[in-house]
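Below are the chains, spelled out letter by letter.
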Amino acid sequence: MSGNETISIEKSTDDAVENGLSRLTPQRVSHVINQVLHQETGARFKAYVDTCMRCGLCSDACSYFLSNDRDPSFSPAAKVKQTIWEMLAKKGKVSKDFLRRAVHIAHLECNVCRRCSMYCPFGIDIAYMMLLVRRICHKLEITPQYIQDTVNSHSVTMNQMWVKEDEWIDTLQWQEEDGREEFEDLRIPLDKQGVDIMYSVIAPEPKFQAGLIYQAAVIMHAAGMNWTMPASPGWDNSNMAMFTGDNEISGRIARTFFESAARLNVKRIVMGECGHAFRSTYDVGNRALSWAMPPFEVVHAIEFYHELLTAGRISIKKKFTKRVTLHDPCNVSRGRGLHNMARKIVNMTCSNFTEMTPNKEHNLCCGAGGGVVNCGPPYKKERMVNNRVKAEQLAATGAEVLIAPCHNCHSGLEDIIHHYKLNMEVKFLGDILFETMEKKIYRPEE
Amino acid sequence: MKQWKILMMFILALATSGIAFSQGEQERLNTLAFEMPRRPGAVFSHDDHTQTTEISDDCAICHHVYANKTLVPDESSEDNACSDCHSLQPDRKNSISLVNAFHKRCKECHYDLGKGPVLCGECHIKK
Amino acid sequence: MGPMVWISALICIFGLLVKFILIIKEVYEKERYLLSYITVRHSLRSIIAWLIPFYPRSTRMRPVYYGISYLFHVLLFLLPVFLMSHIVLINESFNLSWPAMNDTAADILTIGVIFALVFFVLRRRFIPDVRFLTSFMDYILILMVLLPFVTGFLAYHQVILYKWIVIAHVLSGEVLLIVIPFSRFSHMITAPLTRAYTGSEFGNIRHARDW
Amino acid sequence: MEKKQSWDWNTDLKEIPVGEWKARFNWVEELNISPDGENIASVVNVDEAAFKICVNGHVGDTEYEKIWSLKSLPDNGFAAFVCADEEWTLIVNGQEWSSWFDFIWDLHITPDGKHMGFAFQKEGEYGMAIDGLPWNRVYSNMAGMTLSNTGTSAAVVQVVPMKAADVDGFKQGLFSVAVNGNTFHNTFLNIWDISFDRAGQNLAAGIRLDREAYTIVKNDVIWDRKFQGVWKPIFSNSGNVLAPVRDAGKWKLFMDNEPFWKKGYDQLWKITPSPANNDVATIVANHFGKWSVAVNDKVWKMTCDTMISDILYSDNGSCLVAVLKDKGLWNLAVNQTPWNLSADKVFTPCISPDGYLVAVVVEKKGKFHLVVNNKIIAGNYDLMTTPVFSPDQSKILIKGVEKGVYKRRVISI
Chain A
40 MSGNETISIE KSTDDAVENG LSRLTPQRVS HVINQVLHQE TGARFKAYVD
90 TCMRCGLCSD ACSYFLSNDR DPSFSPAAKV KQTIWEMLAK KGKVSKDFLR
140 RAVHIAHLEC NVCRRCSMYC PFGIDIAYMM LLVRRICHKL EITPQYIQDT
190 VNSHSVTMNQ MWVKEDEWID TLQWQEEDGR EEFEDLRIPL DKQGVDIMYS
240 VIAPEPKFQA GLIYQAAVIM HAAGMNWTMP ASPGWDNSNM AMFTGDNEIS
290 GRIARTFFES AARLNVKRIV MGECGHAFRS TYDVGNRALS WAMPPFEVVH
340 AIEFYHELLT AGRISIKKKF TKRVTLHDPC NVSRGRGLHN MARKIVNMTC
390 SNFTEMTPNK EHNLCCGAGG GVVNCGPPYK KERMVNNRVK AEQLAATGAE
440 VLIAPCHNCH SGLEDIIHHY KLNMEVKFLG DILFETMEKK IYRPEE
Chain B
-14 MKQWKILMMF ILALATSGIA FSQGEQERLN TLAFEMPRRP GAVFSHDDHT
36 QTTEISDDCA ICHHVYANKT LVPDESSEDN ACSDCHSLQP DRKNSISLVN
86 AFHKRCKECH YDLGKGPVLC GECHIKK
Chain C
10 MGPMVWISAL ICIFGLLVKF ILIIKEVYEK ERYLLSYITV RHSLRSIIAW
60 LIPFYPRSTR MRPVYYGISY LFHVLLFLLP VFLMSHIVLI NESFNLSWPA
110 MNDTAADILT IGVIFALVFF VLRRRFIPDV RFLTSFMDYI LILMVLLPFV
160 TGFLAYHQVI LYKWIVIAHV LSGEVLLIVI PFSRFSHMIT APLTRAYTGS
210 EFGNIRHARD W
Chain D
18 MEKKQSWDWN TDLKEIPVGE WKARFNWVEE LNISPDGENI ASVVNVDEAA
68 FKICVNGHVG DTEYEKIWSL KSLPDNGFAA FVCADEEWTL IVNGQEWSSW
118 FDFIWDLHIT PDGKHMGFAF QKEGEYGMAI DGLPWNRVYS NMAGMTLSNT
168 GTSAAVVQVV PMKAADVDGF KQGLFSVAVN GNTFHNTFLN IWDISFDRAG
218 QNLAAGIRLD REAYTIVKND VIWDRKFQGV WKPIFSNSGN VLAPVRDAGK
268 WKLFMDNEPF WKKGYDQLWK ITPSPANNDV ATIVANHFGK WSVAVNDKVW
318 KMTCDTMISD ILYSDNGSCL VAVLKDKGLW NLAVNQTPWN LSADKVFTPC
368 ISPDGYLVAV VVEKKGKFHL VVNNKIIAGN YDLMTTPVFS PDQSKILIKG
418 VEKGVYKRRV ISI
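Chain order of the listed sequences is A, B, C and D. Per the working numbering, residue 40 is the first one in the first sequence, and the count goes up by one each step. Per the working numbering, residue -14 is the first one in the second sequence, and the count goes up by one each step. Per the working numbering, residue 10 is the first one in the third sequence, and the count goes up by one each step. Per the working numbering, residue 18 is the first one in the fourth sequence, and the count goes up by one each step.
Negatives, chain C to chain B, calculated, CB over 12 Å:
1. 22
2. 47
3. 192
Quick list of the computed label-pair ranges, beta carbon to beta carbon:
4. 477(A) / 44(D): 19 to 29 Å
5. 483(A) / 74(D): 23 to 33 Å
6. 178(D) / 221(A): 36 to 46 Å
7. 178(D) / 78(A): 34 to 44 Å
With a straight-line cut-off of 25 Å between C-alpha atoms, the simulated BS3-like cross-links for lysine-lysine are:
8. 89(B) / 78(B)
9. 39(C) / 280(D)
10. 180(D) / 246(A)
11. 382(D) / 306(A)
12. 306(A) / 344(D)
13. 39(C) / 130(A)
It should be emphasised that the hints constitute simulated quantities derived from the structure, not laboratory data. Think of the CB as a built atom: it goes at the ideal place given N, C-alpha and C, for glycine as much as any other residue.
Start from the sequences, fold in the hints, and give me the full structure.
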């Protein structure tokens, strides 16, 4: 079985897991497990454990299971069996080898994409249970190194990539300057109070993909929006702590984010094309703080572009002609039902669109989300193996361009496209919009 | 009156049971009063019952008479058919349906005396 | 009917009721936030979607298993309830009655239930991912359901050891009733709850379908 | 107060046509209005990569490559960050500071306007500069810059270097607090929310000791108790440290390492001591998703479902105002009673010292209105900033822009 193989990969590469395991005592292990499973959870968790009839209907939902030739250990329920059930049966007295495997299952063999809860007749949320395992790993300090580093960064800088405060502002000012090549009076208004929109991005944008901020600024400017970006921490809408089970840091990130919006007195928050950040701000981070729903309307780029196009604030000069297909990211399709809107944008901007199957809520995972890609280079090879079905699904479309409105999906899809030699280009919806839009400023009277 | 009808039923039962005897060897209650009997008539030997000491004297245990829903003591109804009083469905006059009249009479007695069959298939033996 | 029937039936009903109340109570005490996401509309939407045969994609992908499983669950309740022999016994005790199923039909459907259970066993043995999930307890649970049906079938046909078979039928039925609230059979009440919650999260918060 | 008395409370209307600035310059950035309403300023672009500050229509001679963070000062002047030859400094009323840096940001001004400070980066190292003087010591990383009312500066700084993605190194605690540039002895995993007392003599902050243990540090002394989480500590009027802490799954208010309030809440933050007495107010969620205000552990009768962003006391402590959002719309609640603003935005309220009058600027459908005691008294502005009550509370100063004209209005109430 591939399980043994992955364990050996992990042993040789992830110091954080190995060092963490070496520090553990049996008492601490059972204390933490029992504390999380019995004190932090309640009836919901018990119902999930009691209700599962071990029918295996969830297997077909999982891209890991399908990519690994139906290896039973990758079935969603099997992941619960190999972690939670055994922790419960042994009352938390589990071995270090067990924990090593548990870290791996919860962090690298599950994207917490929640597709399986759509295939379980009882709607059992297996992703929730994998996140509980991650919380246990977090408390035992055996979270994989690279994702833990992003959480450490969040805790210090409130962004995911150790972007320093001056680097952030400097990057925005530099993009603003660049943008003036296209629109001479283009601005990225910093910390402007009382505007309608706070635009937020994930830290990898200023770090590696500043061009996306440039594009967003051009779109905002052309559409004549009254917007701003915060000049102090709280600009990053990503939240890796949500994926390691560090609910305390996760809450702090979400609070800083929403308080930025409150400080700037904005009406709503628009965010770039990121799925997990949307999940964090719309669905998870807010709950950690007693905000039943996010205190500000959180608008994903898909909704925003759709609004600009349908309101005529942005018009399309010439449609994109290459054959495109669309990947539905879990966190905005299953997580927010934006898949139909995304299709409308594709149809408004592209002339040759091919659907992939299955799609919409049932789309197969990119294999990178849920914090999996953030566990870093040591796990890249197995990520490629674990997402073969996605490559097959993409190949079947025969498209030249793959549109994926999510950063994590981009990383995952680019990796598998390269690995499986698919000869496809991955683009954001924003890339397409930027390429096809009329570069003129919207005037209401026109 | 009723007793007569029951007696007549027994005579009829005896007459028809000849067929049963010839096929199965056992004496059974007839099921004529039922519209579509689901089970073969229960195996029942009147002689066996009248010869047992406990009920040999008192025909009215089975051949009872009720008036105004109370048992009339010292009267019996051997000349009536059970279905004269117990209709297929319980009604205002009699709350005990014909099925229950048989089932309850037989089983309750068997329970009380600790004798005789009580399970369905012990009486309704497949032919 | 002996008192055990009533005791076991009461244990089943009250057990499930108590279980239900405890779940709601615990949610209220420990995870009250869940209640802010549940709506009746989205709960029902999800439950109904999953009750319509072959409507959810998951069930269309496994038509044989799902079809058998669906019929099995329907029969599991309908057969005992509409069986002549059971109605007669209820009628003796409570003077209640309702139309009974045709005996031959009941007989065939019983074979159907037994077949479904055998199918479940075979599936657990031979489908690798299901086998991986299966523990000894799963077979015990199947056996617990199987016994009342097999013994009922044998008793009806009066094949062998009639008296003992009937006793086994009664006892296995009673055991099954008693076990329901204390085992995963209680999914008869927890599954609608998990479904309702997931249906609400998907429908109410995430604006997506969960089938 | 004395200052306010010297302001012009007698002229009903003063106008500055700001709309025409747009024709004079390539573009005009955000308008910034001085507290007394006499001055209005904006960063304006005069040429490619050439910016100036326009005050009341006048621009100085000096051009800069970049200007940002223009802010009005308590003395009614303006300060901004400017860049020349790729180096940055602060200009205050047009005067440059003598020190220049590779980058500067996060401008802090004390309420009396006597002290000013910001964060700087020079050659990849970080520090704060206060009143023209940079810290003596600089650090590889800095966050959470704070300036006390008396000009004491503090920030979270990294004192131990860390290799990329070194999670075991991080575990050792790399951060400390630098006060006026000099660090605490202790180091921690994290330090957040530095808070000074009124005199700027003592400071407290929330810290994380390991993956799970949070507590409070006061002047380099750590509380004994450990918690599941902490929010910003605040000094009470008597100098005690109050902090919201998460203990046994509930948020509670602690003081100096001991429980202070009895009740536990689903959420509790933004401790606000009354300026006049020992009352303490906080924003709380008594139950999940139900927000309210607690004063001395007693919860207000009203709740709202979206958010309470701020709570403010009047100077005499008699009036407590909450800025809240309910069912998606902004509103105020004054002493437990919600108003009926139903606004898209509500800005910082202004409360008279005696607590009788509460004024607030709101935005509805893109238009700004001034509301005093739940009644709109001026409206349909394109922009409006926080109003000011006259010292005798008989008048209110409105500062807003209407159809391209800035209007400084004084009206009686």
